[in-house]
Amino acid sequence: MEVFQLLQDGFSIALQPNNLLLAFIGVLLGTIIGMLPGVGPINTIAILIPITFALELNPASAIIMFAGIYYGSMYGNSISSILLNVPGTAASVVTALDGYPMAQSGRAGPALAMSAIASFIGGTLSIFALIFFAPILSQWAIDFGPAEYFVLMVFAFSTLSSLTGDNVFKGLIAAMLGLVMATVGLDPQGTALRFTFNNMNLFDGLDFVVVVIGFFAISEVFQMLSETDSGQTVQYKVKQVWISGRDFMRSLATMIGSSISGFIIGVLPGAGATMASFVAYTTTKQIVDSEDEFGKGDIRGVAAPEAANNAASVGAFIPMLTLGVPGSGTTAVMLAALLSYGVTPGPLLIENNPEVFWGLAASMYIGNLMLLVLNLPLVGLFARILLVPRWVLMPLVTILSFVGVYAVNNNPFDLLLMTGFGVLGYLMRKTGFPLAPVILGLVLGELMETNLRRAMTYSRGDWQILFESNICIALWILTVISLFVPPLIKRVMKARAKRSTLAN
Amino acid sequence: MADRIAGLVVLAFAIIYGLGASRLESGFGSGPVGPKLFPTILATLIGVCAIAMQFRTDPPINWPKGSQIWLKFLLLIAAFLFYAYGPISVRQLGFIISTSFVTAVVSIFFGAKFLQSIVVGVLASTILYAIFVFGLDLSLPIGNVFN
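Chains as they are written, first to last, in my numbering: chain P, 1 to 504; chain L, 1001 to 1147.
Worth double-checking, as some hints may not be accurate.
Said to hold, decoys possible - Here are the computed lysine-lysine pairs in the DSS-like style, where the Cα-Cα straight-line distance is at most 27 Å:
hint	chain 1	residue 1	chain 2	residue 2
1	L	1072	P	430
2	L	1065	P	430
3	L	1113	L	1072
Stated by the list, open to error - Chain L residues, not near chain P, derived (Cβ > 10 Å throughout):
hint	residue
4	1012
5	1015
6	1067
7	1087
8	1088
9	1097
10	1130
11	1134
12	1142
13	1143
14	1144
15	1145
16	1146
17	1147
Said to hold, decoys possible - Residues on chain P that point at chain L, a partial pick, calculated with CB under 7 Å:
hint	residue
18	54
19	395
20	398
These are calculated hints, taken from the structure and not from any lab test. For glycine and all other residues, C-beta sits at the position ideal for the given N, C-alpha and C.
Produce the entire structure from the sequences given, and follow the hints as far as they go.
Encoded structure:
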């Protein structure tokens, strides 16, 4: 079959020594940053973009490393959830529900092993689905015109906005703030300078690396500063990181089911790994928890969210790669990275840049295998990183932010912007505005406006074009659904979660 | 309450942004829709969302307590600005010295003792400088005073 030939080509790229090394660095870095609160895949990738430029990596190599950071962080985030009850990223919040009780009762080893194995199963199973579905979606999207693209982006914004945070309006404002930032500088058709206040530094627009580092890294420094506690201590000794055959067999069905649901949720724009882990946990609990053991340290309560969030992180690549429209903050940053490398994700990506797609897919197999091999024996060692005090960690985050920002243009004005966005990001966090939509808006803003203007040029100014094709109409309907249904579901889930915590 | 105020701030922003958009002029060859349209749509929609926020109540915000935290915030912002511009900026004093200074400030704010903060600042700045400049071939400022 053709797919095997292509995948084989992909492996020949992924197995090149430099790409193997980059995948390894990516997954190792991902595990570490996933574990640490305060640094996540979004700001790590943003900081690394200018650095990969300096290294003159080719796009396939860069995306192999960035992807490794993303799915690697899904392995790492569970470590702090289990050992400290402090999730490294939001995607492992539910892992703590059963992982932490397991650690408290002296079963930290099995919990960590289960998390690594479930992550591996979720990660690798979903790569099959990626290889299968991405080309199909590409074929389908190849007929998209500017109007369809514009409406597709509207849909992506509406889902992400309504799924992150508690208030749809805040999500929408955040997304549009990103779009507003994208309008700074020369307009897409190069005819007008907009919102530059005659400041030369703004003529080229706001660099997304600067904005992302400000919003995600610097605002996190402020956030951590306002938290009173200064680091935790790991109380639970990690002995043998292994699980019994019985535990494995018991969790197998859970892992497979959660991988499938996680993948599907990951593909949907906006939902992402956090939602996937939450859904997997609650459904698994309903299906298998006959003795009411969940929440007290049931190993399947670790298996479900970890398989799901890894599957979702792979699924999230599909809309980003095949449509050019990412559905999450992290994939938005990766899209921006690919764009700055001159690779345009979209229906033609697999055809035009097969090395990027197949090289990435193949490297994900290798990366997941590396993670499993790394995590099982070394997780105890990784856990030590949690002992690094905040007064060492946060200065490091600050320096890396400075380097990332300064490396873009060697311009002190960018440091000023970074600080400003850091303060704005902190205020937005505090007032409950989600930050991921801002990044999506910033990254997609120019494309969105270009597509709108192109569509209007084709139709000679007739708005009807945005509602003409069936695809457009379907997307508008989905947009409306996305704005009204998730808040309802969220309310139901919250009520249910409340009931279950009360019951426990 | 906090949401109402946030909504009003956003509304004010939308109005200013919208006014800015209305002053834009279409250049030659910009098609049936000029550079004005997209920002105008955004300003309108942001305004609508900001007004909608007035009718929803959300849980109150936990602002950090104590004036000490806010003082730290201000000092940290000041440190970042001094890092960007002025006599002790990264351009003047160079990456290692200037970064050591800011990093030590951050370190102290996160609970380091004075000596610890100096060690963290100097070590981290020097090691990272070496990695980025010699290892990764990035250019970071040496400092005007040393030129």
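We went through each hint and held it up to the structure:
no.	hint	in the structure
1	L:1072 - P:430	17 Å, holds
2	L:1065 - P:430	13 Å, holds
3	L:1113 - L:1072	16 Å, holds
4	1012	13 Å, holds
5	1015	13 Å, holds
6	1067	12 Å, holds
7	1087	13 Å, holds
8	1088	12 Å, holds
9	1097	13 Å, holds
10	1130	12 Å, holds
11	1134	12 Å, holds
12	1142	12 Å, holds
13	1143	13 Å, holds
14	1144	12 Å, holds
15	1145	16 Å, holds
16	1146	17 Å, holds
17	1147	15 Å, holds
18	54	5 Å, holds
19	395	4 Å, holds
20	398	5 Å, holds
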